[in-house]
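Q: Read off the chains here:
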Amino acid sequence: MAHKIGVVGDKDSILPFKMLGFDVFYASEAKEARKMVDHLAKNEYGIIYLTETLGEKIPDTIRRYDSKIQPAVILIPNHTGSLNIGKKRIQDNVEKAVGQNIL
Amino acid sequence: MNKGKIVSVSGPLVTAEGMEHANIQDICRVGDLGLIGEIIEMRGSIASIQVYEETSMVGPGEPVETTGEALSVELAPGIMSQMFDGIQRPLDTFLKRAESNYLSRGVSIEPLDREKKWTFTPSVTVGTKVTTGDVIGHVQETPVVDHKIMVPVGVEGTVTDVKTGDFNITETIYTLDTEEGKKEFTMTQKWPVRRGRPTARKLNPTTPLKTGQRVIDTLFPVAKGGSAAVPGPFGAGKTVVQHQIAKYADVDIVVYVGCGERGNEMTDVINEFPELIDPNTGESIMARTILIANTSNMPVAAREASIYTGITIAEYFRDMGYSVAIMADSTSRWAEALREMSGRLEEMPGDEGYPAYLGSRLAEFYERAGKVITLGNEGREGSITAIGAVSPPGGDTSEPVTQNTLRVAKVFWGLDAGLSRKRHFPAINWLDSYSLYVNEMTAHIGETLGVDWNKMVTRSSSLLQDEAELQEIVQLVGAESLSEKDRLKLVVARMIREDYLQQNAFDDVDSTTSIQKQYEMLHTILTFEEEAKKGMELGAYFDEIIQGTVDIRERIGRGKFLPENEIAQFEDMRSSIQETIHQVVEKGGMDTDA
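Protein chains in written order, with this note's numbering: chain L, 1 to 103; chain C, 1 to 594.
I should point out that these hints are in silico values taken from the structure, not numbers from a laboratory. Glycine residues also receive a C-beta, built at the ideal position from the N, C-alpha and C atoms. Keep in mind that a hint or two might mislead.
[Claimed, not checked] To give a feel for the contact side, a few chain L residues facing chain C, derived at Cβ under 7 Å:
#, residue
1, 28
2, 38
3, 64
Just chain L, with the same shape it has in the complex (with noise of 0.2 Å):
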């Protein structure tokens, strides 16, 4: 079953994703974050790229979306440079998985 790709984040960052034929959401504020990606997940997407910066304002949002199978929500840095929140999920889900850091 083919999903859709959604990315949600400021205009700076997320534009270049247009390019690859990714679907982009701007949102500069906590709130409007929270709408776009509950939005997205409920029209079936299934990979929401976020900007680490907006993630970081809505941790709620991102847990309750860590239990389901999809849409698989994934903080991604912005033009500015990374926060290194979204490296350290995926250290940590490997090691959840694996058991060990295997990185």
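Based on these hints, arrange chain C on the given structure of chain L.
A: Just chain C now, with coordinates in the frame of chain L:
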């Protein structure tokens, strides 16, 4: 009178020879002490007699005298509020006569007070034709019980004389001109306990017995005229359930048979019941209660009789047109008495040593319950609801007494040791228990309340069932793995368990709950579920709803302690549930345009 001679004595079983004149089920006076016994087996001239009193110091050679009568109870005014032993000897008179707290032997006491005068008001006039079951007159026995004096079974005739005034129960109060000539009658009737009193016909039970216990009235209702079994391991609360029903059920008469259980439980009854006020009549509960006590240290054979004595008294009041509830606590002790006698008779044992006829004996008892049209021209409607506790050893309900009981009882309130350890009382397990009356009874309650009660009950039980399944998943992989919908289900199911089903028998308010209040409480909890679901659809997260509704959920939890006259507050609660959830949605959730 013919006399036999004792051949052997084995505990409560005495065999005597020279008894060819006697019949089975005759009452005998055994030995020099004159102990009361009943013939339960005849082989030629040898009779086996079950003795209802302690038989130590009775030996072979002593005489046995038969009375030629079957074991009977005396039915007349004065029976209410009394406490009898298994063969209808009043225990307070016994105490005075024996001058001891324990039973002494060979004492013969009149079951009912012969001296006391009762005011009799006739309701028939001379010349009226009457038949069995017709009411001759009334005696106001206690403030709530109008004792109807009925024409005994098998008698028919024309009234030639009827008196008015104060009489004791042995004085003639009316005379009938029957086919066999004129006959004089007193207020007293005698009836053999092992025979059911006849009725015109049986009816299908349709009205619920309101017990005031939420788990029973809502999930597992019993009909007036139905039969229920309460099996449970030690300490699970069988006796408390029975006491609660005896206290608060909306019946006219309660017969409480304490059969082989601890004496202190009967003490509780004697101490508590007189102080309690029946919410339906405003009088003391004792004014409608008859107690039959055969505690664990009383003779085992009389235990066997106590159940029959109880149900015969219940039938007598049913014939007056009352709804009667009989509690038997516990039928296991009664079955053990059967087993002991059967063993001494050297009968072939069945399962676990119980006699092969255990099932039919249990059925005999429960089948005497029912809703009936009584004999007599009036066609009164009376009912007996039989509720028997069963104490399966080790709480294992696959043992014979429980199984045989379940075959005849239509309601099963399975008490659960796990629940009682968690302090969830009444510890009636909502997954194991059942009531075959549930459809008719919920429909009836729904009609009286004018609401869809059936739907609410179904919703609650399906929530509780889902909860059990979800709990298994939670135990395997943790609560996080559940969807938000399922987590809400868990919360609501917990509210139903803790705020609704759990009921404190020792709290003044919570001890009993009217059907109206039960509806309000359940409606409030289900409203919460509904609103929370809506909130989640509007984008609020489960965690937000739970955090936002802490206060209101606590208020719902305290709802059971709201007195009956303040149930309007539930309406208030429901509107504040709506408000709170709206606030939660506004704060975080997204609007409907999603």
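Q: Under the constraints set out in the numbered hints, which ones does this structure not fulfil?
A: Hint 1 alone not satisfied by this model.
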